[in-house]
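Chemist: If you want the building blocks of each chain, they are given just below.
There are 6 protein chains.
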Amino acid sequence: MVYIIRRERFSAAHRLFMPENSDEENFRIYGKCSNPNWHGHNYTLFITVKGEVDPNTGLIIHLRHVSQLIDDKILKKVDHRNLNLEVDFLQGKVPTSENVAIGIWNELEFEIKNLGGTLHCVRLEQSENNIIEYFGN
Amino acid sequence: MVYIIRRERFSAAHRLFMPENSDEENFRIYGKCSNPNWHGHNYTLFITVKGEVDPNTGLIIHLRHVSQLIDDKILKKVDHRNLNLEVDFLQGKVPTSENVAIGIWNELEFEIKNLGGTLHCVRLEQSENNIIEYFGN
Amino acid sequence: MVYIIRRERFSAAHRLFMPENSDEENFRIYGKCSNPNWHGHNYTLFITVKGEVDPNTGLIIHLRHVSQLIDDKILKKVDHRNLNLEVDFLQGKVPTSENVAIGIWNELEFEIKNLGGTLHCVRLEQSENNIIEYFGN
Amino acid sequence: MVYIIRRERFSAAHRLFMPENSDEENFRIYGKCSNPNWHGHNYTLFITVKGEVDPNTGLIIHLRHVSQLIDDKILKKVDHRNLNLEVDFLQGKVPTSENVAIGIWNELEFEIKNLGGTLHCVRLEQSENNIIEYFGN
Amino acid sequence: MVYIIRRERFSAAHRLFMPENSDEENFRIYGKCSNPNWHGHNYTLFITVKGEVDPNTGLIIHLRHVSQLIDDKILKKVDHRNLNLEVDFLQGKVPTSENVAIGIWNELEFEIKNLGGTLHCVRLEQSENNIIEYFGN
Amino acid sequence: MVYIIRRERFSAAHRLFMPENSDEENFRIYGKCSNPNWHGHNYTLFITVKGEVDPNTGLIIHLRHVSQLIDDKILKKVDHRNLNLEVDFLQGKVPTSENVAIGIWNELEFEIKNLGGTLHCVRLEQSENNIIEYFGN
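Chains as they are written, first to last, in this note's numbering: chain A, 1 to 137; chain B, 1001 to 1137; chain C, 2001 to 2137; chain D, 3001 to 3137; chain E, 4001 to 4137; chain F, 5001 to 5137.
Note that these hints are calculated values from the structure, not bench results.
Ideal Cβ placement from N, Cα and C applies to all residues, glycine included.
Each hint should be verified, as a subset may be incorrect.
Unchecked claim - No more than 25 Å apart at the CA atoms, straight line, and that leaves these computed lysine to any residue pairs for SDA-like: (1) Lys-5032/F to Glu-1008/B; (2) Lys-3076/D to Glu-2128/C; (3) Lys-4077/E to Glu-3008/D; (4) Lys-2073/C to Lys-2093/C; (5) Lys-5076/F to Asp-2088/C; (6) Lys-4076/E to Arg-7/A; (7) Lys-2113/C to Met-1/A; (8) Lys-4050/E to Asn-1037/B; (9) Lys-3073/D to Thr-118/A; (10) Lys-1077/B to Ser-22/A; (11) Lys-4073/E to Arg-3064/D; (12) Lys-2050/C to Ser-22/A; (13) Lys-5077/F to Glu-2052/C; (14) Lys-2093/C to Ser-22/A; (15) Lys-5032/F to Asp-2088/C.
Said to hold, decoys possible - Quick partial rundown of chain B residues pointing at chain A, CB under 8 Å, derived from the structure: (16) Pro-1019; (17) Cys-1033; (18) Asn-1035; (19) Trp-1038; (20) Gly-1040; (21) Thr-1048; (22) His-1062; (23) His-1065; (24) Lys-1077; (25) His-1080; (26) Arg-1081; (27) Leu-1085; (28) Gln-1091; (29) Gly-1092.
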């Protein structure tokens, strides 16, 4: 079993808040991340796929297929977008890094199986100091 | 003459557009950066100050004074903010990296002189691939 | 289960030696790290906490609580300090990266439980080339 | 159990192709990596060794022994070399990152055991975007 | 005057040698970089363009035009290529970083003028430790 | 004229203080950097040499000669050392980054001239946030 990791990047706006809460309550929970005028980040995304190495090709999976998949299913939806307003797989969720990482996992898990690999980890870096890793349920 | 460089970081939302233009025209000029629902970035800011080294202290300037100044005059205004809506020194400007860097220069130039140094360069990294440097007029 | 990672940094002096050994013997074991006049490093610390995502807030834990905890329990004690002379939780230990990482784990494990998370990993980078990871016993 | 990670770097040329295939077929599988005139990379290698910390020295293993071993068994063979033509432990393999990582594992596993540690992971970064991790069979 | 910097990357093989020299003489001059079986690098390229900021758009130049130009004139020729054998603008030159940077300057200088900017600097990083900067004659 | 930059690294202990001052006065000037028990850093050093490219070799200067020179004249003296106590070229100076950069310049300027290049810049990064550049008088 070998693990292959693909790094991708996207830039997006978001706001952390629960609509049923007052601004004060949201500020108490989320701090400056609850600014009603939005803020944003450059996100760095690391997708890890595990699989057996094909003894002929020396490859687990065609990495450009993985890259294409991430582009189609994730980047086209989130890059230069508003994570609260524009992303189907985040509808009804607070777009914390935790929820974004889980959402990306759910979008990719099946598709990567179809490519012949197994999704192992979604790592999402919201800044150089704050990082989420999700390995599925 | 010695140059001292201080790195700071902030995260903000913005949208590139000219209000007098149609969305189509703005898209033609700014591409996906003109998304009406905003997007955002982690910005990395490098402020270079030049000065003579004090032969007693071995310092050009007290770096924590520079850091405090950047915090008061810039970061408090831009971090976790919307660059189009909330930043006094960007009012009426398209918040391109070029204009943000020039705006930061204008906010800091005088204040750094008051600390006994000379502002030399504002370097603003909007992503790992796109960087602006401004050295004043 | 989701993992959240917080990066922090500190700068410290240390010397690797066993007091019962001669300088020659210490040099044989620790090389130039045993210099009796000390040397130092910029350490980069990654603290991983695991937990369930709260379905309401979308958060595992309040990251600023984790950050505050690391500051109180670790950074205040080690940053701009001498790891041999000034750090309570390293008394009587050779301040190798291994022992520093284990010491940090022991300081944080309970406290993070009190915040509602589980400490998963202490990663300590002493330089870009030398890194320790500790996951507890 | 503590994990120690040593980073090393090497630069090498390679070509991804199966000799029994036509250039067209190789291009279909490997894309531009099958260029018959070679291309190359700066590889970053992270070797993770796990072990118990010696309560006297505070060390798992002498890191300079690990570093010396990686130099002797790996870097001398691959740095500024052609991975297809010059590396004994890659003979008869397509030098994909997968196969290079597995080859490095096989070269080091026993030798690290002889030093008193256990090889845990070979991580090979072929570029900032493409990474392999191998943990043995 | 504002400076805009675009980062791009490419991976290539090369060999440093003068065809009129013996292998021994080439080794004396270029060390292991003269390996007749080639080696390679991930190159990081920073192209700096200077210009006035358009007061309407807030831009010096359309960065995607610069990026497209670098792709057409440079990356298509050098990425996943052999710098000795396959690059028209390096024919007859030893592909040292110095010569590659100068060659890239010569390819871009006029074209960037046509876009309305002025090429200011070509920075070429052959590894994290070895970097060339060229500002023209 | 082409510029070549060599990156090197060293780790050292230091303390910022003026011996004629009280600890309180030193703390007022240097903050926690005046801790009498020392602290330390991983320093990253970038040495820029400018020169003409030799039309035969394609090189400004033999980079391994520059690297060897930096090792002999700087790294052997500062790496894993105490900058206050053990470095001849810093005797009688407060080892601020400013003074360390100037000291390195003075050690290298003549020697690089002897190698056929011209020292252009000493850049010293004391941390990712604090950097000094010195270009000589």
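Chemist: Confirm or reject each hint.
Modeler: These are the hints, each one checked on the structure:
no.: 1; hint: Lys-5032/F to Glu-1008/B; verdict: 20 Å, holds
no.: 2; hint: Lys-3076/D to Glu-2128/C; verdict: 21 Å, holds
no.: 3; hint: Lys-4077/E to Glu-3008/D; verdict: 30 Å, violated
no.: 4; hint: Lys-2073/C to Lys-2093/C; verdict: 18 Å, holds
no.: 5; hint: Lys-5076/F to Asp-2088/C; verdict: 33 Å, violated
no.: 6; hint: Lys-4076/E to Arg-7/A; verdict: 22 Å, holds
no.: 7; hint: Lys-2113/C to Met-1/A; verdict: 34 Å, violated
no.: 8; hint: Lys-4050/E to Asn-1037/B; verdict: 31 Å, violated
no.: 9; hint: Lys-3073/D to Thr-118/A; verdict: 32 Å, violated
no.: 10; hint: Lys-1077/B to Ser-22/A; verdict: 23 Å, holds
no.: 11; hint: Lys-4073/E to Arg-3064/D; verdict: 45 Å, violated
no.: 12; hint: Lys-2050/C to Ser-22/A; verdict: 29 Å, violated
no.: 13; hint: Lys-5077/F to Glu-2052/C; verdict: 51 Å, violated
no.: 14; hint: Lys-2093/C to Ser-22/A; verdict: 51 Å, violated
no.: 15; hint: Lys-5032/F to Asp-2088/C; verdict: 18 Å, holds
no.: 16; hint: Pro-1019; verdict: 17 Å, violated
no.: 17; hint: Cys-1033; verdict: 6 Å, holds
no.: 18; hint: Asn-1035; verdict: 5 Å, holds
no.: 19; hint: Trp-1038; verdict: 4 Å, holds
no.: 20; hint: Gly-1040; verdict: 1 Å, holds
no.: 21; hint: Thr-1048; verdict: 21 Å, violated
no.: 22; hint: His-1062; verdict: 25 Å, violated
no.: 23; hint: His-1065; verdict: 24 Å, violated
no.: 24; hint: Lys-1077; verdict: 12 Å, violated
no.: 25; hint: His-1080; verdict: 4 Å, holds
no.: 26; hint: Arg-1081; verdict: 6 Å, holds
no.: 27; hint: Leu-1085; verdict: 5 Å, holds
no.: 28; hint: Gln-1091; verdict: 14 Å, violated
no.: 29; hint: Gly-1092; verdict: 17 Å, violated
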